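Work the whole structure out from these sequences, hints included.
FYI, the numbering for the sequence shown is 3 to 92, going by the working numbering.
Honestly, the hints are just simulated from the structure, not real lab data.
These numbers were taken from a predicted model, which means no experiment stands behind them.
Note that beta-carbon positions come from the ideal geometry of N, C-alpha and C, so glycine has one too.
Errors might be hidden in some of the hints.
[Said to hold, decoys possible] Straight-line C-alpha distance at most 20 Å; calculated SDA-like pairs for lysine to any residue:
#1 K59 / V74
#2 K64 / C53
#3 K64 / G29
[Stated by the list, open to error] Listed next, with one range per pair, are the computed distances between beta-carbon atoms:
#4 L65 / S17: 27 to 35 Å
#5 M28 / I57: 17 to 25 Å
#6 P52 / E14: 13 to 21 Å
#7 P51 / E14: 28 to 36 Å
#8 S10 / Y42: 19 to 27 Å
#9 T11 / C53: 34 to 42 Å
#10 L15 / F56: 18 to 26 Å
#11 N54 / C18: 30 to 38 Å
#12 C53 / A32: 16 to 24 Å
#13 A21 / F56: 29 to 37 Å
#14 N54 / T11: 29 to 37 Å
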Amino acid sequence: LCGHAGTSTIMELMSCRLAPVQISYMGFPASSGATDYMDYMITDSIVTPPCNPFIRKEYTEKLILMPHCYFVNSHKSLKENSKLDTNLSI
3 LCGHAGTSTI MELMSCRLAP VQISYMGFPA SSGATDYMDY MITDSIVTPP
53 CNPFIRKEYT EKLILMPHCY FVNSHKSLKE NSKLDTNLSI
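Structure (structure tokens):
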């Protein structure tokens, strides 16, 4: 869902705790600030660096860190002959 990036209706619905576990993903890369109804946030080490406690302490959700990037994208736009380097270390 869109969280803060969408209409206020989304956050109002989330505050009703419609699911036993609620997870924030995409749309708004910062904390929702919702201590009583948003359990987790899917993120990555760029958005929420593990070594920066100043940033991490601002998140009210428990963080689920994706191994590379939390932003899912389509690779259909890559040229057929281009090669994706899977050995990149970020």
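Tested hints:
| no. | hint | in the structure |
| --- | --- | --- |
| 1 | K59 / V74 | 25 Å, violated |
| 2 | K64 / C53 | 16 Å, holds |
| 3 | K64 / G29 | 17 Å, holds |
| 4 | L65 / S17: 27 to 35 Å | 20 Å, violated |
| 5 | M28 / I57: 17 to 25 Å | 19 Å, holds |
| 6 | P52 / E14: 13 to 21 Å | 32 Å, violated |
| 7 | P51 / E14: 28 to 36 Å | 31 Å, holds |
| 8 | S10 / Y42: 19 to 27 Å | 21 Å, holds |
| 9 | T11 / C53: 34 to 42 Å | 37 Å, holds |
| 10 | L15 / F56: 18 to 26 Å | 31 Å, violated |
| 11 | N54 / C18: 30 to 38 Å | 33 Å, holds |
| 12 | C53 / A32: 16 to 24 Å | 18 Å, holds |
| 13 | A21 / F56: 29 to 37 Å | 31 Å, holds |
| 14 | N54 / T11: 29 to 37 Å | 33 Å, holds |
Of the numbered hints listed earlier, those contradicted by the structure are 1, 4, 6, 10.
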